[in-house]
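Protein chains: 2
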Amino acid sequence: MTDFATTKAMFHLPEGVIYLDGNSLGPLPKAASARVQKTLSDEWGEMLITGWNKAGWMDLPARLGDRVGKLIGAPKGSVVLGDTLSIKVYQALASALALRPERRVILSDTGNFPSDLYMAQGLARTLGPDYVLKTVAPDDVAAHLNNEVAVLMLTQVDYRTGALHDMDALTRQAHGVGALTVWDLAHSAGALPVDVAGCRADFAVGCTYKYLNSGPGGPAFIYVAPEHSQAATPALSGWLGHDAPFDFELNYRPAPGIDRMRVGTPAILQMAALDAALDVWDHADIADVRARSIHLCDLFVRAVESTCPQLQLASPRDGTKRGSQVSFRFKHGYACMQALIARGVIGDFRAPDLMRFGFTPLYIGEAEVTDAARILSEILETRGWDRPEFHARAKVT
Amino acid sequence: MTDFATTKAMFHLPEGVIYLDGNSLGPLPKAASARVQKTLSDEWGEMLITGWNKAGWMDLPARLGDRVGKLIGAPKGSVVLGDTLSIKVYQALASALALRPERRVILSDTGNFPSDLYMAQGLARTLGPDYVLKTVAPDDVAAHLNNEVAVLMLTQVDYRTGALHDMDALTRQAHGVGALTVWDLAHSAGALPVDVAGCRADFAVGCTYKYLNSGPGGPAFIYVAPEHSQAATPALSGWLGHDAPFDFELNYRPAPGIDRMRVGTPAILQMAALDAALDVWDHADIADVRARSIHLCDLFVRAVESTCPQLQLASPRDGTKRGSQVSFRFKHGYACMQALIARGVIGDFRAPDLMRFGFTPLYIGEAEVTDAARILSEILETRGWDRPEFHARAKVT
Numbered sequence: 001m002t003d004f005a006t007t008k009a010m011f012h013l014p015e016g017v018i019y020l021d022g023n024s025l026g027p028l029p030k031a032a033s034a035r036v037q038k039t040l041s042d043e044w045g046e047m048l049i050t051g052w053n054k055a056g057w058m059d060l061p062a063r064l065g066d067r068v069g070k071l072i073g074a075p076k077g078s079v080v081l082g083d084t085l086s087i088k089v090y091q092a093l094a095s096a097l098a099l100r101p102e103r104r105v106i107l108s109d110t111g112n113f114p115s116d117l118y119m120a121q122g123l124a125r126t127l128g129p130d131y132v133l134k135t136v137a138p139d140d141v142a143a144h145l146n147n148e149v150a151v152l153m154l155t156q157v158d159y160r161t162g163a164l165h166d167m168d169a170l171t172r173q174a175h176g177v178g179a180l181t182v183w184d185l186a187h188s189a190g191a192l193p194v195d196v197a198g199c200r201a202d203f204a205v206g207c208t209y210k211y212l213n214s215g216p217g218g219p220a221f222i223y224v225a226p227e228h229s230q231a232a233t234p235a236l237s238g239w240l241g242h243d244a245p246f247d248f249e250l251n252y253r254p255a256p257g258i259d260r261m262r263v264g265t266p267a268i269l270q271m272a273a274l275d276a277a278l279d280v281w282d283h284a285d286i287a288d289v290r291a292r293s294i295h296l297c298d299l300f301v302r303a304v305e306s307t308c309p310q311l312q313l314a315s316p317r318d319g320t321k322r323g324s325q326v327s328f329r330f331k332h333g334y335a336c337m338q339a340l341i342a343r344g345v346i347g348d349f350r351a352p353d354l355m356r357f358g359f360t361p362l363y364i365g366e367a368e369v370t371d372a373a374r375i376l377s378e379i380l381e382t383r384g385w386d387r388p389e390f391h392a393r394a395k396v397t
Numbered sequence: 001m002t003d004f005a006t007t008k009a010m011f012h013l014p015e016g017v018i019y020l021d022g023n024s025l026g027p028l029p030k031a032a033s034a035r036v037q038k039t040l041s042d043e044w045g046e047m048l049i050t051g052w053n054k055a056g057w058m059d060l061p062a063r064l065g066d067r068v069g070k071l072i073g074a075p076k077g078s079v080v081l082g083d084t085l086s087i088k089v090y091q092a093l094a095s096a097l098a099l100r101p102e103r104r105v106i107l108s109d110t111g112n113f114p115s116d117l118y119m120a121q122g123l124a125r126t127l128g129p130d131y132v133l134k135t136v137a138p139d140d141v142a143a144h145l146n147n148e149v150a151v152l153m154l155t156q157v158d159y160r161t162g163a164l165h166d167m168d169a170l171t172r173q174a175h176g177v178g179a180l181t182v183w184d185l186a187h188s189a190g191a192l193p194v195d196v197a198g199c200r201a202d203f204a205v206g207c208t209y210k211y212l213n214s215g216p217g218g219p220a221f222i223y224v225a226p227e228h229s230q231a232a233t234p235a236l237s238g239w240l241g242h243d244a245p246f247d248f249e250l251n252y253r254p255a256p257g258i259d260r261m262r263v264g265t266p267a268i269l270q271m272a273a274l275d276a277a278l279d280v281w282d283h284a285d286i287a288d289v290r291a292r293s294i295h296l297c298d299l300f301v302r303a304v305e306s307t308c309p310q311l312q313l314a315s316p317r318d319g320t321k322r323g324s325q326v327s328f329r330f331k332h333g334y335a336c337m338q339a340l341i342a343r344g345v346i347g348d349f350r351a352p353d354l355m356r357f358g359f360t361p362l363y364i365g366e367a368e369v370t371d372a373a374r375i376l377s378e379i380l381e382t383r384g385w386d387r388p389e390f391h392a393r394a395k396v397t
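Taken in order, these protein sequences are the chains called A and B.
Everything in the first sequence is counted per this note's numbering, starting at 1 for the first residue and increasing by one.
Everything in the second sequence is counted per this note's numbering, starting at 1 for the first residue and increasing by one.
Think of the hints as simulated: they come from the structure by calculation, not from any bench.
A few of these clues could be false.
All copies of an identical chain are treated as equivalent in the list; a pair is satisfied when it fits inside any one copy or across any two copies.
[Claimed, not checked] List of simulated lysine to any residue pairs, SDA-like, C-alpha gap at most 20 Å:
hint, residue 1, residue 2
1, Lys70, Asp288
2, Lys331, Phe248
3, Lys331, Arg290
4, Lys70, Leu313
5, Lys54, Ile341
6, Lys30, Ser41
7, Lys54, Pro14
8, Lys38, Glu15
9, Lys331, Ser306
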């Protein structure tokens with residue numbers, strides 16, 4: 001049984017803050033700070049170029065891949081870290097399309113994170129005028145799966161509402177019409193149990209700065225099902241995905257297996273932070289985290305609905321049908337979120353009217369949930385959001 | 001006049017080490033360590049998600065772009081940081097090819113860094129069977145420039161020999177036949193004066209972990225000539241290159257100008273390190289650095305040639321014709337470099353027989369050069385390289 005007091009003690013949480021935005025950027029794990037400092041001083045500082053071997057930098061993307069793989073049901077050697085999620089989407093999608101050369105349709109939904117759609121648009125344009133990205137409403141995905149679809153590309157958890165796709169069922173349906181799947185696990189990895197191997201996902205990608213707490217700009221990951229790993233030809237064929245990068249051959253020959261999804265020189269400071277951040281999973285079981293997250297989300301929904309009638313639940317009411325977040329619609333959501341932040345309750349806002357709250361049991365408990373709901377109701381009761389400084393739009397993330 | 005004692009004091013250099021591999025990974029600037037720690041503790045730790053605005057993370061890629069831009073002759077707002085060099089090569093090349101839609105040939109040379117060639121191969125494969133990467137000997141590039149060439153893609157400084165392409169003349173010749181240019185400045189930025197605007201380069205890319213000392217996996221940069229910035233359509237169309245990333249539209253609309261070359265969430269720890277590392281350029285003039293680097297390289301060549309007859313110079317003898325490195329051919333180069341490293345002289349080896357030494361006046365002086373040459377001659381005299389442990393191949397970088 002996971003002891004959430006132990007996991008909470010592993011994070012630095014600022015005084016007076018209730019942090020409900022770990023679904024956007026996880027907080028600082030205390031070990032990450034020490035580990036990055038060690039990488040700077042003892043590794044880069046003292047070993048210089050020899051750190052690539054002596055400090056194990058070169059193997060870090062694969063070693064971290066196995067650590068992240070455990071959290072998403074991926075076998076050893078099937079996940080590698082690197083780049084950003086957008087780049088990994090491009091890689092996965094390009095490889096998947098190349099495995100269905102006779103088809104031209106990428107199917108996705110309007111609940112997908114826009115960058116995934118943008119990357120697909122860029123890839124389709126690069127591949128040629130025959131390729132199309134077809135984007136349908138989340139509930140209509142299954143109905144649009146037919147034998148013209150090369151790849152079904154979805155984010156498992158809707159970034160706005162938290163609504164969860166049935167990854168197992170949709171993957172089966174996609175395979176039934178001969179399509180492959182690319183699953184974006186940005187809001188899944190570390191938030192809920194995922195079993196990429198069990199549901200026979202073909203490709204999966206995700207980021208590590210949300211529920212895996214690797215810090216701003218932490219590396220992304222990519223999973224390639226072992227059955228595809230020898231056939232997947234990388235479109236982004238960088239030297240570290242070469243079979244023999246240090247032979248400096250003039251022609252690209254992909255490395256066997258998942259290593260071919262590496263591209264350029266890995267971002268070692270970010271990877272060191274991730275490595276330390278993953279230590280929390282030595283003390284946490286993802287099934288416990290999921291159960292507790294549903295409980296906390298339910299608690300928040302009940303508290304908000306009983307005291308804040310102005311807000312409408314935008315997330316599925318059934319906890320098993322959503323990720324680790326709940327969202328509410330409110331006409332003055334932007335200003336209200338600014339007022340909340342000014343009171344120390346950090347969630348975020350998504351246009352046009354969504355107030356989004358993430359609940360991560362690793363460092364959030366019942367007390368924070370009820371306090372946050374109480375502060376929200378106070379703001380609504382006093383129209384505390386109706387101050388000019390809360391209406392000024394800044395870039396938000 | 002640059003005071004190199006001042007710049008040297010800005011770096012942490014391990015005791016007993018003569019570091020001649022800054023062309024592969026620059027040493028740790030003392031300020032980088034403090035700056036990254038601050039980013040961890042005061043920014044990520046305390047500001048959490050609000051760091052994207054409050055700590056200026058979101059603007060860091062552009063702000064760093066202007067700082068790097070100054071070192072390569074790029075006007076303000078024409079350079080942005082992010083991703084890895086391989087990714088930036090792909091971006092630049094894809095954009096350049098799209099600007100020459102009627103042509104199909106990418107011209108490069110065998111002295112280019114293999115990852116650039118690999119990325120071009122991957123892009124050509126993605127674009128379709130008509131596209132070809134033509135790779136000729138470095139001296140034959142000009143002769144192969146004709147009106148079939150869409151893009152001339154070269155690395156200014158040959159990573160093995162240090163031989164320098166005439167960027168100005170080749171760009172002019174390329175334009176003369178209607179081709180565009182993509183220049184890789186990996187071994188140029190921070191090593192020698194570059195004037196991308198003056199020589200009318202169309203695109204330029206580079207990394208920051210060599211002569212700009214940003215640390216292992218530091219971000220890459222991309223320059224787009226202002227005349228192309230509105231026409232260059234990104235193939236890697238990520239959300240942070242969108243005109244309004246936080247409007248979360250379903251369709252990609254490129255940001256005006258260089259921002260469209262942004263892709264995903266920037267690696268903030270690596271960028272913080274770069275930001276601090278660039279402070280050394282407040283105390284160093286690139287023209288002084290270049291003059292001093294030529295002097296140090298010449299000194300090394302003379303010392304080695306007078307005491308190590310077994311070694312053959314592989315770099316241009318004329319200092320103005322090479323970058324900030326010299327290479328020597330030696331049959332037992334690999335083992336000899338291992339023996340040198342064991343004696344504290346760190347250079348590197350490039351197959352099949354090249355011993356490579358980089359000279360960075362920011363932290364290397366005459367004393368280090370003559371000491372390194374003396375130790376090399378001692379190893380050669382005593383066949384000090386001929387020990388089994390120096391022959392075992394590890395992955396080297």
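Indicate which option fits the pair lysine 331, arginine 290 if close means a Cα-Cα distance not exceeding 20 Å: within, between, both or neither. The answer is neither: 31 Å in one copy and 60 Å across copies each exceed 20 Å.
Treating 20 Å as the Cα threshold, decide for lysine 331 and phenylalanine 248: within, between, both or neither. Close across copies (18 Å), not inside one copy (58 Å); limit 20 Å.
Cα distance capped at 20 Å. Does lysine 38 pair with glutamate 15 within a copy, between copies, both, or neither? between (26 Å within a copy, 18 Å between copies)
Can you tell me if lysine 70 and leucine 313 fall within 20 Å by alpha carbon in one copy, between copies, both or neither? So lysine 70 and leucine 313 fail the 20 Å test inside a copy (33 Å) and across (51 Å) alike.
With identical chains, the pair lysine 30 and serine 41 could be close in the same copy or across copies; at 20 Å between alpha carbons, which is it: within, between, both, or neither? Classified as both: same-chain Cα gap 17 Å, cross-chain 9 Å, threshold 20 Å.
Classify it for me, lysine 331 with serine 306: is the Cα-Cα distance of at most 20 Å met within a copy, between copies, both or neither? within (18 Å within a copy, 80 Å between copies)
Alpha-carbon proximity between lysine 54 and isoleucine 341, which holds within one copy, between copies, both or neither at 20 Å: between (44 Å within a copy, 13 Å between copies)
Alpha-carbon proximity between lysine 54 and proline 14, which holds within one copy, between copies, both or neither at 20 Å: So lysine 54 and proline 14 pass the 20 Å test across copies only (15 Å; inside, 36 Å).
Since the copies are identical, ignore which copy is meant and state whether lysine 70 and aspartate 288 lie within 20 Å (CA to CA) inside a copy, between copies, both or neither. within (15 Å within a copy, 53 Å between copies)
In this structure, the earlier hints numbered 3 and 4 are contradicted, and the remaining ones agree with it.
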